[in-house]
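Q: Note that the UniProt record's numbering numbers the sequence shown so that position 112 is 112, with each residue one more than the last.
These are calculated hints, taken from the structure and not from any lab test. Among the clues, some could well be false.
[Stated by the list, open to error] Simulated crosslink set (DSS-like; lysine-lysine; CA at most 30 angstroms straight-line):
| no. | residue 1 | residue 2 |
| --- | --- | --- |
| 1 | 191 | 150 |
| 2 | 67 | 44 |
| 3 | 127 | 150 |
| 4 | 50 | 158 |
| 5 | 191 | 125 |
| 6 | 125 | 184 |
| 7 | 44 | 191 |
[Said to hold, decoys possible] So the derived label-pair ranges between C-beta atoms look like this:
| no. | residue 1 | residue 2 | range |
| --- | --- | --- | --- |
| 8 | 22 | 154 | 34 to 40 angstroms |
| 9 | 198 | 120 | 22 to 28 angstroms |
| 10 | 162 | 115 | 26 to 32 angstroms |
| 11 | 33 | 92 | 16 to 22 angstroms |
| 12 | 124 | 20 | 31 to 37 angstroms |
| 13 | 29 | 125 | 30 to 36 angstroms |
| 14 | 96 | 20 | 42 to 48 angstroms |
| 15 | 97 | 139 | 33 to 39 angstroms |
| 16 | 151 | 33 | 31 to 37 angstroms |
| 17 | 140 | 96 | 36 to 42 angstroms |
| 18 | 189 | 127 | 31 to 37 angstroms |
| 19 | 174 | 22 | 37 to 43 angstroms |
Note that the structure is a prediction, hence the values are computed from the model and not measured. Beta carbons are placed, not taken as given, at the ideal position from N, Cα and C, and that holds for glycine.
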Amino acid sequence: MSDSLEHIVIVILAAGSSSRMGEPKQLLPYNHTTLLGNAIEQAKKSDAQKIVLVLGANAQLIEEAHKSAEVEFVINPDWENGMGSSIAVAVNHLLNNTGEVYGILFMLADQPLVDYEHLNKLITKFKSVSESIIASEYEKRAGVPAIFSKSYYSQLSKLGARAGAQTIIELNMKEVATVKLGKKSIDIDTKEEYRNLLENKL
1 MSDSLEHIVI VILAAGSSSR MGEPKQLLPY NHTTLLGNAI EQAKKSDAQK IVLVLGANAQ
61 LIEEAHKSAE VEFVINPDWE NGMGSSIAVA VNHLLNNTGE VYGILFMLAD QPLVDYEHLN
121 KLITKFKSVS ESIIASEYEK RAGVPAIFSK SYYSQLSKLG ARAGAQTIIE LNMKEVATVK
181 LGKKSIDIDT KEEYRNLLEN KL
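Kindly produce the complete structure, drawing on both the sequences and the hints.
A: So, in structure tokens, the structure goes:
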């Protein structure tokens, strides 16, 4: 793949309402910024060429808190329909507003231990192997963060309420290569998990 064909976009999925947390977890303080700010910082340090942030619940509040981040904001009006709807909104936005995109890397706002080094490992492997999906390996399964080649954009753009990136991965395991993530896959859904994160118990 030549340099001109290496346009990788990172999509950070951050549209959820944080119902189990009781407040927008995207805005929780972490590493001198917020949980979402940390995800943005790691994405910006990576080798990706563009970063898109999908918001939904509390979108105005969250966008205002991160307006200096120099990322592209996309609003999912149907965020209550789940992560699949956010993926579809992001992919359709990219297809309609961006030139050639040779890989879309989806990551979550609430996996604070995912760092740019892991993102770069995914990107490097994506450029060097024949498989068209590169996923993170943890708990004996493959999941996000994960990169999808353009052959999956149509499927991703049509994801509904009960599906997500995991659905596409599981349906196409013969086309999946993985990069080990291990315990860094932990996500933050509850106040206890957040407290453990701050106390370095994760």
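Q: So, for every hint listed, does it hold in this structure?
A: Structure-based check of each hint:
Restraint check for residue 191 and residue 150: not satisfied, since their Cα atoms lie roughly 38 angstroms apart, outside the 30 angstroms limit. Our distance criterion of 30 angstroms between C-alpha atoms is met by residue 67 and residue 44, whose separation comes to about 14 angstroms. At roughly 13 angstroms between alpha-carbon atoms, residue 127 and residue 150 fall within 30 angstroms of each other, so this suggested pair holds. A C-alpha spacing of about 22 angstroms is found between residue 50 and residue 158, which places the hinted pair at or below 30 angstroms, so the restraint holds.
Pair hint residue 191 plus residue 125 does not hold up; C-alpha atoms about 35 angstroms apart against a cutoff of 30 angstroms. Taken as a hint, the residue 125 and residue 184 pair is honoured in the structure, with Cα atoms around 19 angstroms apart against an allowance of 30 angstroms. Distance hint between residue 44 and residue 191 is fulfilled; the C-alpha atoms sit about 27 angstroms from each other, no more than 30 angstroms. Range check, residue 22 to residue 154: about 38 angstroms between beta-carbon atoms, so the 34 to 40 angstroms window is met.
Separation of residue 198 from residue 120 is about 26 angstroms and conforms to the stated range, judged on CB atoms against 22 to 28 angstroms. Hint check: residue 162 to residue 115, Cβ distance near 31 angstroms, so the stated range 26 to 32 angstroms holds. The beta-carbon spacing between residue 33 and residue 92, approximately 29 angstroms, falls outside the hinted interval of 16 to 22 angstroms. Remark: the range hint 31 to 37 angstroms for residue 124 to residue 20 is upheld by a beta-carbon distance near 35 angstroms.
Distance hint check: the CB atoms of residue 29 and residue 125 are about 33 angstroms apart, consistent with the given range 30 to 36 angstroms. At about 33 angstroms, the beta-carbon gap between residue 96 and residue 20 misses the expected band of 42 to 48 angstroms. Checking the proposed 33 to 39 angstroms range against residue 97 and residue 139 shows it holds: the Cβ atoms sit about 35 angstroms from each other. Judged by the Cβ atoms, the range 31 to 37 angstroms given for residue 151 and residue 33 holds: they are separated by roughly 35 angstroms.
Between residue 140 and residue 96 the beta carbon distance is about 37 angstroms. The supplied range of 36 to 42 angstroms therefore holds. At about 33 angstroms, the beta-carbon gap between residue 189 and residue 127 stays in the expected band of 31 to 37 angstroms. At about 42 angstroms, the beta-carbon gap between residue 174 and residue 22 stays in the expected band of 37 to 43 angstroms.
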